[in-house]
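Undergrad: One line per chain: the protein sequences are A and B, in this order.
This note's numbering applies: residue 1 is where the first sequence begins, and numbers increase by one.
This note's numbering applies: residue 488 is where the second sequence begins, and numbers increase by one.
Don't read these hints as lab results, they were simulated from the structure.
Any given hint might turn out to be false.
[Claimed, not checked] Distance condition first, Cα-Cα at most 27 Å in a straight line; then the derived DSSO-like pairs of lysine-lysine:
no. : chain 1 : residue 1 : chain 2 : residue 2
1   : B       : 662       : A       : 48
2   : A       : 170       : A       : 305
3   : B       : 535       : A       : 355
4   : B       : 539       : A       : 355
5   : A       : 189       : B       : 756
6   : A       : 189       : B       : 676
7   : A       : 388       : B       : 539
8   : A       : 305       : B       : 539
9   : A       : 67        : B       : 589
10  : A       : 270       : B       : 758
11  : B       : 657       : B       : 875
12  : A       : 219       : B       : 958
13  : A       : 398       : A       : 413
14  : B       : 958       : B       : 520
15  : B       : 972       : A       : 129
16  : A       : 35        : B       : 520
17  : B       : 535       : A       : 271
18  : B       : 539       : A       : 52
19  : A       : 170       : B       : 706
20  : A       : 385       : A       : 305
21  : B       : 966       : A       : 271
22  : B       : 676       : A       : 219
23  : A       : 52        : B       : 616
24  : B       : 727       : B       : 706
25  : B       : 535       : A       : 141
26  : A       : 361       : B       : 535
27  : A       : 67        : B       : 616
28  : A       : 48        : B       : 657
29  : B       : 657       : A       : 189
2 protein chains.
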Amino acid sequence: MKASRLLHLRCLLQTRSQCRGNSILAQEPSGPKMKTEIPGPKSQQFMKELEKTQNPLSTIFVLDVDKSIGNYAVDTDGNIMLDVYEQIASLPLGYNHPAIQKVFQDSNNLSQLVNRPALGVHPTPQFIKQIDQTLLPIAPKGLECVQPMMCGSCSNENAFKAICIWYANKNRSGKSFNEEELTSSMYNKAPGCPTVSLMSFEGGFHGRTFGALACTHSKPIHKLDIPSFDWPIAPFPRYKYPLEENQRENQKDDERCLARIEELFHEYKKKSNPVVGVVVEPIQSEGGDFHGSPTFFQRLQKLTKQNNAALLIDEVQTGLGATGKFWAHEHFNLPESPDVVTFSKKFQTGGYFAKSEYQPKQPYRIFNTWMGEPAKLLVLDAILKTVKQENLIENTRKTGDVLLNGLKDLNKKYSQLILNPRGRGTFCAFDMPNASVRDKFLVHMRNAGIQMGSCGDVAIRFRPALIFTEKHANIVLDKMTEVAKKF
Amino acid sequence: MKASRLLHLRCLLQTRSQCRGNSILAQEPSGPKMKTEIPGPKSQQFMKELEKTQNPLSTIFVLDVDKSIGNYAVDTDGNIMLDVYEQIASLPLGYNHPAIQKVFQDSNNLSQLVNRPALGVHPTPQFIKQIDQTLLPIAPKGLECVQPMMCGSCSNENAFKAICIWYANKNRSGKSFNEEELTSSMYNKAPGCPTVSLMSFEGGFHGRTFGALACTHSKPIHKLDIPSFDWPIAPFPRYKYPLEENQRENQKDDERCLARIEELFHEYKKKSNPVVGVVVEPIQSEGGDFHGSPTFFQRLQKLTKQNNAALLIDEVQTGLGATGKFWAHEHFNLPESPDVVTFSKKFQTGGYFAKSEYQPKQPYRIFNTWMGEPAKLLVLDAILKTVKQENLIENTRKTGDVLLNGLKDLNKKYSQLILNPRGRGTFCAFDMPNASVRDKFLVHMRNAGIQMGSCGDVAIRFRPALIFTEKHANIVLDKMTEVAKKF
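Build out the structure end to end from the sequences listed, making use of the hints.
TA: What follows is the structure, given as structure tokens:
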């Protein structure tokens, strides 16, 4: 009898919460097991009900959170799917991980779970400890300040505000607000509400509230009918793969983008709408999993600095280990830290890290009722401890190699179907010939028991949990081979 | 021995979680008890630590969530304060209420607490049930759709988007997007991202992200240095008190505001920036607790309709019973429901209710990773059941009478200090002669054991929990008398 099976049996004899560490894998089924097509009849019935109050067109299936475990999502029809999308890249430890269960079962945590404080006016000792012991240890080097928030979108919005305030403060040279600024601000007018801009990228995604949406350019459906800002939008590299065979051309593409970025800085300065910050993902995710080279990012940082703007790296989707490093921007060997780094999703809480000069000197400028949530930081702490104890970033690096090599093999075998395999860690993707093939492939994979995500026009992305191992990667690759044969 | 004291003793013999219902009051101390000034030395020490990573200037004291109970907040120095501000109006049942504790102690809830799903793609049966059994029963009449969100600000932002989409959809007369719209939207330009506006009010507050902030006009410090939209800003009534002695003048003020609102509709239509929606609080809260008459709101609704715009009532601070009705706008006897109603704070989750025509026909237009949180709806369900079982809205109505009459008496006694007492339910406020007196009064009250909130330039607001009773109101009124004597 295998060790893992023994461990599994031992776990069955204990309560789920007593199972520790890697045992979550021992609780998993041996592979996907499908009873119906997706969505099954029970999912469809629930979706009909949902239709009364919500638009159900984005619903894929109805989730059974009680039965889902580890890397496996179970739906209300009893279909067991290997989930490499993990609730839009937001579950770092898969489903029902004992480390997170323990947070809610520990009676010492009860009053923190029950009483959500307004942290801006009444922080708690536990929260202050969480800042120090949970958040600061993961801060990108040189970013001494951290502000928890509720979600990715409001993390970006508030980080944008911190950048606008930092910029105005520099120009004010320490002077206080003048009367004209105070009065005009109340009517949305300059100089109180100045005309300044944030530069973002074609294909970028930073959220869907008005400020974040003005920096989002992945798909028209997100933006149609919503008023926006006149902010500069630069091209982001579109590399040819395999990288090693297209170095010269890809370098040229870096040059093209950087030249346009430089132009945009000047154009917007000339039209009195100066760029105060540049907002960029380390890997454009929602837009189609597009990568920029370390050189591109190093030069982007240099350009941004030369133009007196701030560099914000949005790690909402890339942060917390999936790329094989804790922060994806660590892959770029930047000469210094970005100025602001935003996070959310796997962290369970939104927020941003920033250099101390990005902290407004006055109160109530970066503020809201909740300013984050201690309960979410309890969960994050459990996640970070598990990631460390179980070497999950190392695991992601190793599993990522298996996955990417497998995708490269599939690319060789099915060179008209599986295109441009790319990735860092398990944060991998590939393209398909067009959107209709891609969408059909996704449906086939799902019905074969693999839940994947799409992105951009023609890409499929992998966003598994950090407990996704070589064994799981091989199941996915085998199923992809089976499905590819049918195309 | 009094019954309440007996109950208190009985509770001491049980575990806290076994105490049910009104027994939360029996667990409370008999009144405030102060050991130090606020902030005490321990709070100050914690605040120094917080200073390393955050701006601590808005911190009032550091909260001991373990010791706080019912209407009483306890700080880390052991000061026991009667809290009539309740974490910026966000705790409906005070601290450590057994009904909320039970949510986290019930092992049936564990997998819902542990696995936060991406509800837009993978709703759960429990969530679908929560929509039906928790949210829909509290929907304002005629609003059939509900969309949970994360916080008040993003609830408003998404409601604004729903309104913009509704407006564009009407103008498009059911046609699909054209090529020019699709292309221009990706560059933040019209016609894809059209020039349309939301009307808001001087003194209004709707949040701090870019869209919400463009409708916020309560204080310059919220808005300074942040770019904004050219959106119309109308005056909101500024009544003279007592209302019954100033009817004619206050009616004139309604006329003044309504005339300007009508003008603004025309001005913005003329400059091709049509108003698609009007965004208004039923009681302007952050801006200074300013009220509008039922007639004002009825005529505002009529004007909005005549101008083909949507009426959004922001009940983030007023919703869930504090005004003596579940929704504050129920006081206005509007001929029909507002088109959209947003909520957050006491609800523990953000969100909005809307007429079904405000639900976009396409997926991914109102969307984000989480789309709310089932765990928060579990808490909301427990809150709503408690509010019903214990008749807490009726309690708030009765207690509000005692509180407002007491404030009116104080106004008579200290007519140069306690000005313009006003309110609905316990959602009460009064003005002071100027900001410096107001700020000083707040400090004195706090050091006397009453934690209150300020708003606007010169106001003090009451935002107690719904378990705030006549007994608590009298403690506050007595302390106010003591403190007023010193001024």
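Undergrad: Between residue 67/A and residue 589/B, does the CA-CA distance stay at or below 27 Å?
TA: Between residue 67/A and residue 589/B the Cα gap is close to 23 Å, so the pair holds against 27 Å.
Undergrad: For a C-alpha distance cap of 27 Å, please report whether residue 48/A and residue 657/B respect it.
TA: Holds. Residue 48/A to residue 657/B sits at ~26 Å (cutoff 27 Å).
Undergrad: Does residue 966/B pair with residue 271/A here, judged by a C-alpha cut-off of 27 Å?
TA: violated, 58 Å
Undergrad: Keeping to a limit of 27 Å between CA atoms, is the pair of residue 361/A and residue 535/B held or broken?
TA: holds, 15 Å
Undergrad: Just to be careful, I want the Cα atoms of residue 727/B and residue 706/B compared with a cutoff of 27 Å; is the pair within it?
TA: This hinted pair holds, its Cα atoms lying about 22 Å apart.
Undergrad: Holds or violated: residue 170/A with residue 305/A, Cα cutoff 27 Å?
TA: Distance of about 14 Å is within 27 Å: holds.
Undergrad: Tell me if the straight-line CA distance from residue 657/B to residue 875/B falls inside 27 Å.
TA: violated, 40 Å
Undergrad: So if I understand the rule, the pair passes when the alpha-carbon distance is 27 Å or less; does residue 535/B with residue 355/A pass?
TA: holds, 19 Å
Undergrad: When you check the alpha-carbon spacing of residue 189/A and residue 676/B, does it fall within 27 Å?
TA: holds, 21 Å
Undergrad: Does residue 388/A pair with residue 539/B here, judged by a C-alpha cut-off of 27 Å?
TA: holds, 26 Å
Undergrad: For the pair supplied as a hint, residue 662/B and residue 48/A, confirm whether the alpha-carbon distance does not exceed 27 Å.
TA: Holds: residue 662/B and residue 48/A sit about 26 Å apart, inside 27 Å.
Undergrad: Is the straight-line distance between the alpha-carbon of residue 35/A and that of residue 520/B 27 Å or less?
TA: Measuring from Cα to Cα gives roughly 63 Å; hence the hint is violated.
Figure legend: structure checked against the earlier numbered hints; hints not met, in rising order: 11, 12, 15, 16, 17, 18, 20, 21 and 29.
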